[in-house]
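For the record, the sequence lines run as chains A and B.
When we follow my numbering, the leftmost residue of the first sequence carries the number 1, and every step to the right adds one.
When we follow my numbering, the leftmost residue of the second sequence carries the number 1, and every step to the right adds one.
Warning: the hint list may mix true and false statements.
The list makes no distinction among identical chains, and a pair is therefore deemed to hold if it is satisfied within one copy or across any two copies.
Taking lysine to aspartate or glutamate pairs in the DMTMM-like style, the calculated list, with each CA pair at most 25 Å apart, reads [as the list claims (entries may be wrong)]: (1) 135 / 198; (2) 124 / 288; (3) 135 / 116; (4) 124 / 215; (5) 5 / 265; (6) 308 / 162; (7) 252 / 299; (8) 97 / 83; (9) 128 / 198; (10) 97 / 284; (11) 128 / 56; (12) 97 / 139; (13) 236 / 254; (14) 97 / 149; (15) 135 / 29; (16) 84 / 12; (17) 308 / 139; (18) 128 / 281; (19) 135 / 100; (20) 120 / 190; (21) 120 / 139; (22) 135 / 149.
No lab work stands behind these hints: they were computed from the structure.
2 protein chains.
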Amino acid sequence: MHSFKELSAQFEQRFSQRQFPQSPANLYDPAQYILGIGGKRIRPVLCLLGNELFDELHPDAFEAASAIELFHNFTLIHDDIMDKAPLRRGQPTVHTKYSEPAAILAGDVMLIYSYEHLNKINSKVRQKLVGVFNKAAREVCEGQQLDMDMEQQSPEQVQYTDYVNMIALKTSVLLAASLQMGAIIGGGSEGNQQHLYEFGKNVGIAFQIQDDYLDAFGDPEKFGKQPGGDILVNKKTFLLLKALELCNPAQKAELHRLMAGNPSDKVARILQIFHECRVDEWAEKEKERFCASAYKHLDEIAVVSGRKQHLRELADFLLTRQH
Amino acid sequence: MHSFKELSAQFEQRFSQRQFPQSPANLYDPAQYILGIGGKRIRPVLCLLGNELFDELHPDAFEAASAIELFHNFTLIHDDIMDKAPLRRGQPTVHTKYSEPAAILAGDVMLIYSYEHLNKINSKVRQKLVGVFNKAAREVCEGQQLDMDMEQQSPEQVQYTDYVNMIALKTSVLLAASLQMGAIIGGGSEGNQQHLYEFGKNVGIAFQIQDDYLDAFGDPEKFGKQPGGDILVNKKTFLLLKALELCNPAQKAELHRLMAGNPSDKVARILQIFHECRVDEWAEKEKERFCASAYKHLDEIAVVSGRKQHLRELADFLLTRQH
Numbered sequence: 001m002h003s004f005k006e007l008s009a010q011f012e013q014r015f016s017q018r019q020f021p022q023s024p025a026n027l028y029d030p031a032q033y034i035l036g037i038g039g040k041r042i043r044p045v046l047c048l049l050g051n052e053l054f055d056e057l058h059p060d061a062f063e064a065a066s067a068i069e070l071f072h073n074f075t076l077i078h079d080d081i082m083d084k085a086p087l088r089r090g091q092p093t094v095h096t097k098y099s100e101p102a103a104i105l106a107g108d109v110m111l112i113y114s115y116e117h118l119n120k121i122n123s124k125v126r127q128k129l130v131g132v133f134n135k136a137a138r139e140v141c142e143g144q145q146l147d148m149d150m151e152q153q154s155p156e157q158v159q160y161t162d163y164v165n166m167i168a169l170k171t172s173v174l175l176a177a178s179l180q181m182g183a184i185i186g187g188g189s190e191g192n193q194q195h196l197y198e199f200g201k202n203v204g205i206a207f208q209i210q211d212d213y214l215d216a217f218g219d220p221e222k223f224g225k226q227p228g229g230d231i232l233v234n235k236k237t238f239l240l241l242k243a244l245e246l247c248n249p250a251q252k253a254e255l256h257r258l259m260a261g262n263p264s265d266k267v268a269r270i271l272q273i274f275h276e277c278r279v280d281e282w283a284e285k286e287k288e289r290f291c292a293s294a295y296k297h298l299d300e301i302a303v304v305s306g307r308k309q310h311l312r313e314l315a316d317f318l319l320t321r322q323h
Numbered sequence: 001m002h003s004f005k006e007l008s009a010q011f012e013q014r015f016s017q018r019q020f021p022q023s024p025a026n027l028y029d030p031a032q033y034i035l036g037i038g039g040k041r042i043r044p045v046l047c048l049l050g051n052e053l054f055d056e057l058h059p060d061a062f063e064a065a066s067a068i069e070l071f072h073n074f075t076l077i078h079d080d081i082m083d084k085a086p087l088r089r090g091q092p093t094v095h096t097k098y099s100e101p102a103a104i105l106a107g108d109v110m111l112i113y114s115y116e117h118l119n120k121i122n123s124k125v126r127q128k129l130v131g132v133f134n135k136a137a138r139e140v141c142e143g144q145q146l147d148m149d150m151e152q153q154s155p156e157q158v159q160y161t162d163y164v165n166m167i168a169l170k171t172s173v174l175l176a177a178s179l180q181m182g183a184i185i186g187g188g189s190e191g192n193q194q195h196l197y198e199f200g201k202n203v204g205i206a207f208q209i210q211d212d213y214l215d216a217f218g219d220p221e222k223f224g225k226q227p228g229g230d231i232l233v234n235k236k237t238f239l240l241l242k243a244l245e246l247c248n249p250a251q252k253a254e255l256h257r258l259m260a261g262n263p264s265d266k267v268a269r270i271l272q273i274f275h276e277c278r279v280d281e282w283a284e285k286e287k288e289r290f291c292a293s294a295y296k297h298l299d300e301i302a303v304v305s306g307r308k309q310h311l312r313e314l315a316d317f318l319l320t321r322q323h
């Protein structure tokens with residue numbers, strides 16, 4: 001068994017080689033470019049960890065992990081076009097550096113390469129793996145669409161449960177599927193696969209709540225940037241949606257005034273309302289609720305506790321970060 | 001065995017049902033929309049014909065055919081964005097009717113659904129089918145990129161063989177792969193698969209030459225529109241590229257003058273040069289060369305001649321059209 005760090009290094013060693021043909025360069029260079037601007041490779045390593053929960057690391061897990069990381073980067077390229085984002089990880093996005101047509105096509109071919117990796121798996125579990133992968137892939141598209149739909153709505157039109165569902169689809173199901181695919185390769189039972197899937201899904205949602213929380217209440221020194229970025233752009237976050245539910249009519253009116261204008265003390269005054277209606281306390285409890293569910297599912301996986309050590313450490317690390 | 005028309009009706013009957021979930025509507029309605037604006041379904045029917053060349057029609061062939069038609073429509077959606085095309089088959093393109101983000105995402109999810117159809121095939125040939133599909137899918141992306149690359153070049157910079165290669169990738173390999181996938185499902189040998197693939201590829205190239213020829217020299221009454229559309233927009237066609245090779249310096253200078261400006265008699269004068277340097281005769285011979293190669297490969301497929309009847313009729317129909 002290996003730690004996250006060890007598996008990350010193993011994956012990176014294979015994945016840092018060029019993943020595509022040299023030519024046509026205008027197709028494959030943009031695809032290679034986004035792989036080169038970093039990322040923590042969390043999803044492929046989750047796949048490897050899912051494998052090692054049940055059995056020795058199998059070469060097939062690296063194919064599945066590559067498919068997952070290519071898929072993730074394909075979604076980043078296309079999402080950045082849709083969101084008109086100029087930067088990704090501090091570097092120009094693919095459509096900014098190359099062109100929008102190049103970025104569309106590079107994303108497309110990366111998705112095809114994902115399936116090529118899955119198709120290299122010579123095992124009777126390949127069909128099941130592709131099924132799990134396809135479901136997650138469809139759901140990620142659905143999550144992106146729901147996110148775009150919600151951007152067109154006022155915060156009050158967005159139901160909290162719909163928002164949680166959107167976040168789960170957009171960000172958590174791929175984490176969950178990565179773990180499950182590893183479990184399938186490792187020979188985990190259907191029941192264990194499902195617990196592992198739910199573990200990943202709940203960790204993902206808890207992480208997103210924490211992310212929203214830190215953007216509002218994070219310690220600037222530990223967080224590395226001034227909090228309030230989401231607040232400034234009126235982003236629909238867990239905090240804003242819940243604050244609108246919890247606050248009184250006067251606070252609600254004030255929130256709307258602040259969001260409609262851009263006063264210089266907008267962040268401070270919205271944070272003040274968040275405090276007053278105790279959405280910070282709520283967020284900590286809500287994160288805790290998803291964390292508890294995640295750890296409960298991890299506990300219920302029927303393997304000896306020691307095998308779960310690295311997954312537990314990873315969840316602890318992801319869910320207690322202050323930065 | 002069934003004719004193209006019969007198989008087309010069978011496929012359409014299944015495929016005319018909604019192919020996607022109802023929700024999120026903003027994701028799946030654009031995907032369903034493009035399937036509803038028609039198309040001749042040539043590729044999926046080629047897959048069914050490829051199956052029937054060797055064996056009774058198998059349900060798996062309909063899954064493969066659906067995957068192929070979804071893939072084809074995915075490429076249409078994304079190509080139309082890249083080409084900024086307002087219309088497709090006389091109807092608004094997906095990005096025009098909905099939005100560019102919706103069109104990108106609808107294309108993405110259609111590609112994922114292609115693989116979902118392939119994954120439904122419960123047979124030991126599934127891996128081989130996905131391999132053939134993936135190769136064609138990558139090549140179609142490569143062809144689209146090469147086409148965009150060539151648009152940035154002057155006609156003289158484009159080598160004729162590179163142009164043929166681009167056309168083959170962009171338009172012919174999917175026809176070829178559709179036939180081969182049918183052959184795989186029908187149990188055709190590797191050798192027979194390859195002959196069928198080459199048949200499809202050569203038919204595709206011959207068809208494109210014919211298409212270019214008809215746009216220039218077609219009888220307006222039979223062709224249904226005034227010829228010269230490609231000439232007006234300086235489109236790189238088989239004819240233009242070859243004319244630049246065949247013509248003398250004076251004709252070449254005249255061609256460049258006509259392409260640089262937009263005189264009212266541009267089409268007539270360029271057609272005159274095409275005639276003078278006999279590019280019309282050349283195109284007929286060049287088409288004939290690819291036709292001959294196609295029929296030779298069809299002849300070499302080791303099944304009784306009667307089984308090839310419907311494929312031969314289809315090729316005859318496609319390659320003798322005047323409209």
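Problem set entry | Hint check against the structure, violated hint numbers in rising order | Per hint list: 2, 4, 5, 6, 7, 10, 16, 17 and 18 violated.
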